[in-house]
Structure formats: structure tokens, C-alpha cells
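In numbering that gives the first Met the number 0, the protein residues as written are 0 to 503.
FYI, nobody ran anything at the bench for these hints, they're computed from the structure.
Wrong hints could be hidden among the right ones.
Restraint ranges, calculated between C-beta atoms of paired labels, are given here [as the list claims (entries may be wrong)]:
no., residue 1, residue 2, range
1, 490, 178, 37 to 47 Å
2, 161, 42, 39 to 49 Å
3, 490, 470, 24 to 34 Å
4, 158, 41, 30 to 40 Å
Taking lysine-lysine and the BS3-like style, the derived pairs with C-alpha atoms no more than 25 Å apart in a straight line are [what the hints assert, rightly or not]:
no., residue 1, residue 2
5, 279, 293
6, 38, 16
7, 470, 284
8, 63, 279
9, 436, 275
10, 304, 293
11, 304, 281
12, 245, 425
13, 304, 288
14, 187, 434
15, 448, 275
16, 304, 245
17, 63, 126
These numbers come from a predicted model, not from an experiment.
Virtual Cβ for every residue (Gly too), placed ideally from N, Cα, C.
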Amino acid sequence: MDRMICWNVRGANNPDKMKAIQQYLAEQQVGLACLLETKVKSPNLGLLYNSIFNGWCFTSNVQKHYNGRIVLAWNPNSFTVGLEQMTDQIIHCVIKPSGALEEFFYTFIYAHNDAKLRDSLWETLSKLNSKLRGPWLMMGDFNCVINIEERIGSAVRQKEIDPMRRCISECELQDIPYSGHFYTWSNKQVTEDRVWSKLDRAMANEKWLEVFQSANAVFLTEGCSDHCPALLRMNFDVGKGRKPFKYFQMWQQAPDYSQRIQQAEEGEIRGTAMFKVIQKLKRVKTSLKELNQKGFNNLQAEDTKTYQELVEIQEALHKDLLNTDLMQKEKDAVYKYNQAYKNYMQFLRQKAKALWIREGDDNTALFHSCIRKRTLQNNVYAIRDMGGVMHDSPEGIQGAFVDYYKELLGKAKVGRAQVHPEIIKKGPVLQDDQKRKLIHPFTKEEVRKAIFSIPRNKSPGPDGFGTHFYKHNWDLIGEEVTNAILDFFELGKLLKEINNTFLY
């Protein structure tokens with residue numbers, strides 16, 4: 000999660016807006032986020048933090064401006080951030096990504112709309128430039144263009160662009176390599192009054208471009224805002240590899256769920272009881288992967304479909320800026336998506352237990368918080384091997400883990416102390432009836448009780464099937480699972496598909 004995003008969200012007080020921002024950040028897998036024009040006042044910063052950035056480090060320039068213009072949050076496992084200066088238009092800090100050898104200065108900017116108020120911003124940047132001696136990056140909404148061609152639908156006056164151009168020249172800044180949309184803001188008018196401008200930028204000095212030669216910015220489609228998010232990709236490859244299968248409870252809502260499980264269970268398989276269970280679970284896994292691709296229920300599919308339609312229309316509109324038909328379609332698509340989204344959230348609230356429901360909550364806040372924390376813990380961006388050498392490449396990280404566990408588990412213990420039966424007999428020992436209980440064969444009911452005693456939300460094994468799957472489908476698979484477990488206690492053998500695990 001070495002990605003960073005800077006986004007003018009145009010208000011973040013609404014719970015639905017918070018949810019949309021949270022989903023967007025999760026999709027982009029960012030480790031640092033700067034939100035502009037949040038309009039979140041000091042008393043509501045706690046709600047914003049718990050809703051979007053729980054578990055991250057968090058700050059705001061609300062003390063410099065009552066309306067909460069800039070919010071900065073970062074995953075401490077991905078970045079180290081030191082705050083240097085804060086005004087009503089900037090947050091200036093020092094940042095070091097995990098796995099990187101060099102830190103750099105980073106200035107997040109949200110310029111005032113009023114040209115006169117922006118004068119203090121240019122002065123602040125010039126003063127920073129006179130002090131800084133290292134790599135320097137700045138991103139944000141400058142509320143100003145620097146070239147005439149950077150605005151369509153409204154005239155650009157030379158007087159308007161000169162102050163920013165002088166500042167850029169003095170600070171020796173330039174746009175970093177970028178892709179995506181050229182015009183990053185529009186006024187969302189549906190008529191010929193639509194205005195497009197390039198207000199959002201990512202700029203750096205020469206030293207920064209030399210150090211981070213593979214870094215680039217992407218200006219993404221705006222979605223629920225009127226500004227395109229600026230996504231900075233540092234291109235540190237963490238080598239996630241192929242994602243293993245995991246069973247999700249949401250699939251149980253699909254109309255053909257039970258039929259899929261039953262069909263996977265049908266058909267004769269020859270072999271031991273344990274082998275039969277493994278092969279049938281493989282069939283179930285294949286069927287559930289197909290189900291996941293189609294969408295686990297109609298409401299979620301409609302929510303995804305309407306959002307995709309909105310994005311496609313916005314993509315087309317960026318290519319044909321004055322097309323009034325597309326402007327009207329965008330307006331209609333926004334309405335359809337909002338309705339589908341609300342219906343889907345209402346469906347989730349009705350399904351949830353009363354313990355989880357609270358005003359303004361989408362009933363997923365705690366779940367997402369837990370997911371975020373586990374995801375952060377499970378990602379390894381850099382590691383020191385047994386010799387103290389730092390590795391940040393996928394091959395280096397994997398090698399460090401393998402070498403450590405080979406050293407830990409791959410050698411026989413030398414000089415282990417022997418157990419003396421004479422000493423054991425002098426202490427408490429088992430009676431004959433206790434010994435008989437320990438070697439008494441397990442029953443099917445005991446197996447069932449053991450499985451059902453495991454909480455439903457416990458992590459699954461490498462096969463991806465958690466306890467909830469077995470409990471929910473016990474009538475279909477319980478007999479075979481029980482026979483496989485009893486077979487193990489009788490023969491004392493585990494197939495390799497079961498006797499393995501993941502290293503997290």
C-alpha cells in the first residue's frame with residue numbers, strides 16, 4: 000500500500016459520502032490519503048476518523064481554518080510522516096515510505112478560490128523552497144490553471160495565471176509524469192455552461208524526480224465528487240501473488256446457493272473418507288467462484304451495475320466535453336446509482352443484528368475496520384533477515400521468511416533432556432479409569448459438538464472454508480466430514496492438503 004491519493008471530495012459530513020470515500024480508498028489500496036474541502040468541523044473529526052481512517056494516523060488543519068479544509072491520514076505500516084508546517088492552505092510534512100531508503104518533503108495544497116487569498120500560498124511555498132534542500136513533492140487543488148488550454152467553457156486571463164506561474168518557476172517545480180484525465184474539475188452543468196479545468200496537480204522538484212524515477216500520478220474518474228482524485232503510485236512491488244480462495248457468508252443469499260452445494264456433493268468419489276471430502280470441497284470451490292463472478296445477489300449487482308454505468312458516462316464525457324446529451328445522462332445515472340446504493344444499504348441494515356445498528360451507520364463500519372486492520376497486518380513491505388539486512392523486493396522478503404523457518408524448524412534438537420519414568424511415578428499420575436477415557440473412541444456427536452463450538456468468524460484454513468460453511472451446510476456435508484475426522488483418529492494420517500498452513 001505505497002500508493003497515495005489527494006482528492007477534493009467536496010464535503011465529507013454525509014454518512015453516504017463517507018461510505019463512498021471509504022470504498023474508493025479501499026479499491027485504490029492507498030496507504031496515505033489527503034482529503035480536501037472536507038467541510039468537517041472540529042467536533043465531527045472523530046466521526047470522520049472512525050468511519051474512514053480507523054487504525055491510521057490522522058491530522059487536519061482545522062485549527063488554521065474553522066471549516067476543516069484539509070485532512071491527512073496515513074497507514075503507519077506504509078509511511079512514516081513528520082508534520083513540519085500547517086496553514087489554512089497547506090499541510091507540509093516529511094514522508095518516508097516503508098521500504099524506501101530516502102525520505103522526502105511533501106506539501107498537500109488546497110488553495111483558496113479567491114485570487115487575493117492565494118497570494119499568501121505562493122509566498123508560503125516560496126519561503127519553503129528557500130529552506131528545503133531535498134526532494135520535494137506537492138499535490139492538491141491549486142484552484143488555478145497555469146496555461147490557457149487548461150480551461151474550457153470560460154476565458155482564462157493572463158493576470159489570473161501569472162502568480163502561480165511565477166511561484167512554480169521560482170521553486171523549480173514541474174508536473175510529475177501522469178496519466179488519466181487532463182481536466183480534473185467541472186462545474187457539473189448540464190448545458191453549454193459546463194466548464195472544465197485542470198485545477199488538481201502533482202508537481203515535484205528535480206531532486207524528487209531523480210530519486211523516484213518510476214513514480215507517476217493518475218487522475219481518476221471523479222465519481223461522487225466534482226474533482227478527479229490524484230493517485231500517486233510509487234511503484235514499490237510488494238509481490239502479493241495470487242489471492243487464495245476464501246468462503247464468504249454473503250454467497251448464502253444467492254437463490255441457487257443450496258443447489259450449487261448439493262450438486263457439488265453428488266457423484267461417487269473413490270478413496271478414503273478424508274480424500275472424498277477434499278475432492279468435494281474442490282468442486283464446491285469451483286462452483287462458488289462462478290457464483291462470485293456473477294454477483295451474490297441482485298441488489299449488490301444492481302449497485303455495481305449502476306455505478307459502472309455512471310463511470311462509463313463520465314469517461315465518455317471527458318472525451319466529449321460539450322456533449323449535452325452525455326451531461327443529461329450523467330445526471331440521470333447519478334440519480335439511479337444513488338437509489339440503488341440506498342436500497343442496497345437498507346437491505347444490509349435489515350439483515351444485521353440490532354447490536355450493529357446505529358444512526359448514520361451502513362452496518363458495515365466495524366466489519367470494514369477489522370478487515371482494514373488485518374489487511375495492514377498481513378502485508379509485508381520490508382523485512383530484515385537474520386543477518387540484519389533489509390529486504391523490500393518480493394524475492395528478498397520470501398527468502399528471508401524461508402531461511403528463518405528453515406533455521407527454526409529444520410534442525411533436530413541437540414542435547415534434549417531425557418524423561419525419567421521413576422521421577423514421573425513419584426508425582427500425580429492418571430488412574431486406570433482416566434486412561435480408558437483418554438483412549439476411548441470419539442463419537443459422531445462429539446465431533447459435531449467440537450465443530451459447532453468454534454465461533455463462526457474464526458479464520459479459515461488454506462482451503463478457504465471457515466466454520467460458518469460447515470455449520471450452515473451440515474445437513475449436506477456433516478456425515479462425510481465426521482467420517483473423515485474419525486478416520487484420522489483411527490488411522491493417524493493426514494493428507495497433505497489438510498496438513499498445511501499459510502504464513503501471515
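Pair hint outcome, residue 304 versus residue 288 [Cα-Cα no greater than 25 Å]:
Status holds; Cα separation ~19 Å.
Is 30 to 40 Å a correct range for the gap between the Cβ atoms of residue 158 and residue 41?
holds, 36 Å
Run the distance test for residue 63 versus residue 126: straight-line Cα separation, threshold 25 Å.
holds, 19 Å
Are the Cα positions of residue 63 and residue 279 separated by 25 Å at most?
The given pair, whose Cα atoms are some 62 Å apart, is violated under the 25 Å limit.
Does the alpha-carbon distance linking residue 304 and residue 293 stay inside the 25 Å limit?
holds, 11 Å
Taking only the CA atoms, is the gap from residue 436 to residue 275 under or equal to 25 Å?
Violated, because 30 Å separates the two Cα atoms, which is more than 25 Å.
CA of residue 187 to CA of residue 434, is that 25 Å or under?
violated, 79 Å
Take the C-beta atom of residue 161 and the C-beta atom of residue 42, compute their distance, and say whether it sits inside 39 to 49 Å.
The hint (39 to 49 Å, Cβ to Cβ) holds, given that residue 161 and residue 42 are roughly 40 Å apart.
Hinted pair, alpha-carbon criterion (25 Å max): residue 448, residue 275. Please report holds or violated.
It holds: about 22 Å lies between the C-alpha atoms, which stays within 25 Å.
Residue 490 and residue 178, beta-carbon distance inside 37 to 47 Å?
violated, 59 Å
Restraint status (C-alpha distance of residue 245 to residue 425 at most 25 Å)
Distance ~51 Å between residue 245 and residue 425 Cα, so the pair is violated.
Regarding the pair residue 38 and residue 16, is the alpha-carbon distance no greater than 25 Å?
holds, 12 Å
This entry does not satisfy hints 1, 8, 9, 11, 12, 14, going by the numbered hints stated previously.
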